[in-house]
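In order, the protein sequence lines correspond to chains A and B.
Okay, so the first sequence: first residue is 1 according to our numbering, each after it adds one.
Okay, so the second sequence: first residue is 138 according to our numbering, each after it adds one.
Note that these hints are calculated values from the structure, not bench results.
One or more of the hints may lead you astray.
[Unchecked claim] Okay, derived cross-link-like pairs now, EDC-like style, lysine to aspartate or glutamate, Cα gap no bigger than 20 Å in a straight line: (1) Lys359(B) / Asp35(A); (2) Lys359(B) / Asp59(A); (3) Lys11(A) / Glu110(A); (4) Lys359(B) / Glu409(B); (5) Lys11(A) / Asp26(A); (6) Lys162(B) / Glu242(B).
[As the list claims (entries may be wrong)] Beta-carbon label-pair distances, calculated as ranges: (7) Lys11(A) / His413(B): 33 to 39 Å; (8) Asp26(A) / Asp210(B): 53 to 59 Å; (9) Arg377(B) / Ala31(A): 50 to 56 Å; (10) Ala31(A) / His413(B): 24 to 30 Å.
[To be verified] From the derived model, a few chain A residues whose C-beta atoms are all more than 10 Å from chain B: (11) Ser19; (12) Val22; (13) Glu34; (14) Arg39; (15) Glu56; (16) Phe57; (17) Asp59; (18) Arg64; (19) Asp77; (20) Gly84; (21) Pro87; (22) Val89; (23) Thr105; (24) Thr108.
Quick caveat, the model's predicted, so the values are computed rather than measured.
Cβ coordinates follow ideal geometry from the N, Cα and C atoms, glycine included.
Spelled out, the chains give:
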Amino acid sequence: MDRVNRIPILKLGHLLLVSIQVDMHDRMALALQEDLAERISVTGARGVLIDISGLEFIDSFIGRMLSDIAGIARVLDADTVVVGMRPVVAITLVDLGLTLPGVRTALTVERGMAMLPAPTAVEELDDEEEAEDAGGR
Amino acid sequence: MSEGLSVIEGVLRGQRETLLAEWVKAQLAAPGVRTDLISESELRVESDRFLTALVEAVSADSNAMDIMDPRWDAVRDQLTTLSRTRATRGFSPTETATFVFSLKEPLFELLKSTEGDLVATIWSATQLVDGLGLYTSEAYLRSREEVIRRQQDELIELSTPVVKLWQGVVALPLIGTLDSARTQVVMESLLQRIVETDSAIAIIDITGVPTVDTMVAQHLLKAVTAARLMGADCIISGIRPLIAQTIVHLGLDLSEVTTKSSLADAVTVALERTGHQIVRRKSASAE
Chain A
1 MDRVNRIPIL KLGHLLLVSI QVDMHDRMAL ALQEDLAERI SVTGARGVLI
51 DISGLEFIDS FIGRMLSDIA GIARVLDADT VVVGMRPVVA ITLVDLGLTL
101 PGVRTALTVE RGMAMLPAPT AVEELDDEEE AEDAGGR
Chain B
138 MSEGLSVIEG VLRGQRETLL AEWVKAQLAA PGVRTDLISE SELRVESDRF
188 LTALVEAVSA DSNAMDIMDP RWDAVRDQLT TLSRTRATRG FSPTETATFV
238 FSLKEPLFEL LKSTEGDLVA TIWSATQLVD GLGLYTSEAY LRSREEVIRR
288 QQDELIELST PVVKLWQGVV ALPLIGTLDS ARTQVVMESL LQRIVETDSA
338 IAIIDITGVP TVDTMVAQHL LKAVTAARLM GADCIISGIR PLIAQTIVHL
388 GLDLSEVTTK SSLADAVTVA LERTGHQIVR RKSASAE
C-alpha cells in the first residue's frame, strides 16, 4: 500500500524533484511531507522543486501543505520552488484566499532550477583558486 | 365565439385570393412602409405563407381561441421568424407589428358581406388579430434582447486581448470599467497566455480604466496574486495622477506590486529584468 500511495522524490544533483501527477488525498500529502523532510536531511539538498503541473485542482489542505513544506525546507536550509501551477488552480487558490506566502514560484521546471542555488559553487571556486595558484608558480 | 370563428374560417378558405391581394395592398399603403428594406414579392410570399398557416390553425382550433395552444405552433413559429428577420433588418416594432394589424381592414371588409351576427364575428376577428399582433411585438423584443446579449458577450471577449511584447513579456491593456465578470475573463486569458508564451513578466496597463475603486483594486490584486502563484511577476502601469490619489485616499495597499506611471517605463523594467538593454544606435543619435 505504501509503495502505491507515495509520491516519488527524485534526487537531481544537489536538488530534490517532486512531480505530483495525481490528485493527492490528505494522507498522501502528509506522507510526502514526512518523506521530503527526511530526504532533505539525508541528502543535504540545497533546493526542492515541486512540480504541480499535473494537478487539476487544489484544496485548502494541499495549499497549506505546500506552505508547510516550504517552511520545513527552509529550516533544513533548502529553498523550495513550486513550478507549473495551472491557471485554473491559481484562480482557485486566490478565491480561497490562499496566496501561499513565503513560497517561491516559477512557470517551468527549467526556470525553477535557475532560481535555486548553483550546484557546485564552492567546488568551482576551489578549482579557480587552484588554477590561479598553478599559474602563479 | 365558435360561430364567429367558423365564419372567419369560411372567409379565409373561400375568399383567400381576394384577402391576400387586399392585404398586400393594405400593407404597401400603410404609412411608413419600408419598401427599402423588403420587396413587394417577398412581402407577398410571407403573407401567403402566413395565411396558409392561419387557416390551418383556425380550422383545427374551432372552439377556443388560445394562440398559445400547440395547434397554433406553426403560426407562432412563422411570426417569430418574421420578427427576427425584421429586427435584424432594422424594422421598428411598429412597422413589424403592422404586418399583422394591417390584416384587419381587408378581413373586416370581407366579413361585412357574411351572414350572421356581424358584431360577434368582428369581435372574434379583432381578438384574433390583436393576439397575433401582440405576439409579434413580443417576439420582436425577444430577438432584439438576444442580439444585445450576444453583443455583450462579444464585447467581453473583444476587450481583453493579451499581447506579447517581447520574448517572456506579455501585456494586457485594459480598457473600460472592470466588473467581476470581466475580471474573471481577463484573469483567465492573462494566465492562459502566460502559460502559452512562457512569460515570466506580465504588464497590466490600466490607462483605459476610467476609475479605480476598492472593487477594481481588489480584482487587480487577485490577478496579480494568481500570476505570482504561477511564477510570473506583474507590473501595473498607466496609473494616472488622479487614480494615484484615489488609491492613496482609499487606503489601498499596492506595496507588493510594482507600479509604473507609463507603459514605456514598465516595458523598460520588464526588459531589464529579462536581461535586455535598449541602446540607441550611434548613427541615429549623431543625425
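For each hint, the structure was consulted:
1. Our distance criterion of 20 Å between C-alpha atoms is broken by Lys359(B) and Asp35(A), whose separation comes to about 33 Å.
2. Distance restraint check for Lys359(B) and Asp59(A): the Cα-Cα separation of roughly 18 Å lies within the 20 Å cut-off, and the hinted pair is therefore satisfied.
3. A distance of roughly 15 Å separates the Cα atoms of Lys11(A) and Glu110(A); the hinted pair therefore holds under the 20 Å criterion.
4. Taken as a hint, the Lys359(B) and Glu409(B) pair is broken in the structure, with Cα atoms around 25 Å apart against an allowance of 20 Å.
5. Proposed proximity of Lys11(A) and Asp26(A) is contradicted: the alpha carbons are some 24 Å apart, above 20 Å.
6. Restraint check for Lys162(B) and Glu242(B): satisfied, since their Cα atoms lie roughly 11 Å apart, inside the 20 Å limit.
7. Checked against the given bound of 33 to 39 Å, the beta carbons of Lys11(A) and His413(B), roughly 35 Å apart, stay inside it.
8. Distance hint check for Asp26(A) and Asp210(B): the Cβ-Cβ separation is about 56 Å, which falls inside the suggested range of 53 to 59 Å.
9. With their beta carbons about 52 Å apart, Arg377(B) and Ala31(A) fall inside the hinted range of 50 to 56 Å.
10. One distance hint, 24 to 30 Å for the beta-carbon pair Ala31(A) and His413(B), is violated here, with the actual separation near 44 Å.
11. Once the 10 Å rule is applied to beta carbons, Ser19(A) is consistent with being away from chain B; the minimum gap is 16 Å.
12. Once the 10 Å rule is applied to beta carbons, Val22(A) is consistent with being away from chain B; the minimum gap is 20 Å.
13. Every beta carbon of chain B lies more than 10 Å from that of Glu34(A), the smallest distance being close to 25 Å; the non-interface claim holds.
14. No beta-carbon of chain B is positioned within 10 Å of the beta-carbon of Arg39(A); the least distance is around 23 Å.
15. No Cβ of chain B approaches the Cβ of Glu56(A) within 10 Å, the least distance being about 14 Å, so the stated non-interface status holds.
16. A cut-off of 10 Å between C-beta atoms confirms that Phe57(A) is not in contact with chain B; the least separation is 14 Å.
17. Separation of Asp59(A) from chain B is adequate, the least Cβ-Cβ distance of about 15 Å exceeding the 10 Å criterion.
18. For Arg64(A), the shortest C-beta to C-beta distance to chain B comes to about 14 Å, beyond the 10 Å cut-off, and the non-interface label holds.
19. With a minimum CB-CB distance of about 23 Å to chain B, Asp77(A) clears the 10 Å threshold, and the non-interface call stands.
20. Chain B draws Gly84(A) into its interface by the beta-carbon criterion, the shortest separation being 8 Å against a cut-off of 10 Å.
21. Not every CB of chain B is more than 10 Å from the CB of Pro87(A) (nearest about 3 Å), against its label as outside the interface.
22. Residue-level check failed: Val89(A) sits 8 Å from the nearest beta carbon of chain B, not beyond 10 Å.
23. Distance to chain B contradicts Thr105(A) as a non-interface residue, since its nearest Cβ pair spans about 4 Å, not more than 10 Å.
24. Interface exclusion of Thr108(A) from chain B breaks down, the closest Cβ pair being 7 Å apart, not more than 10 Å.
The structure fails hints 1, 4, 5, 10, 20, 21, 22, 23, 24 (numbered hints given earlier, in ascending order).
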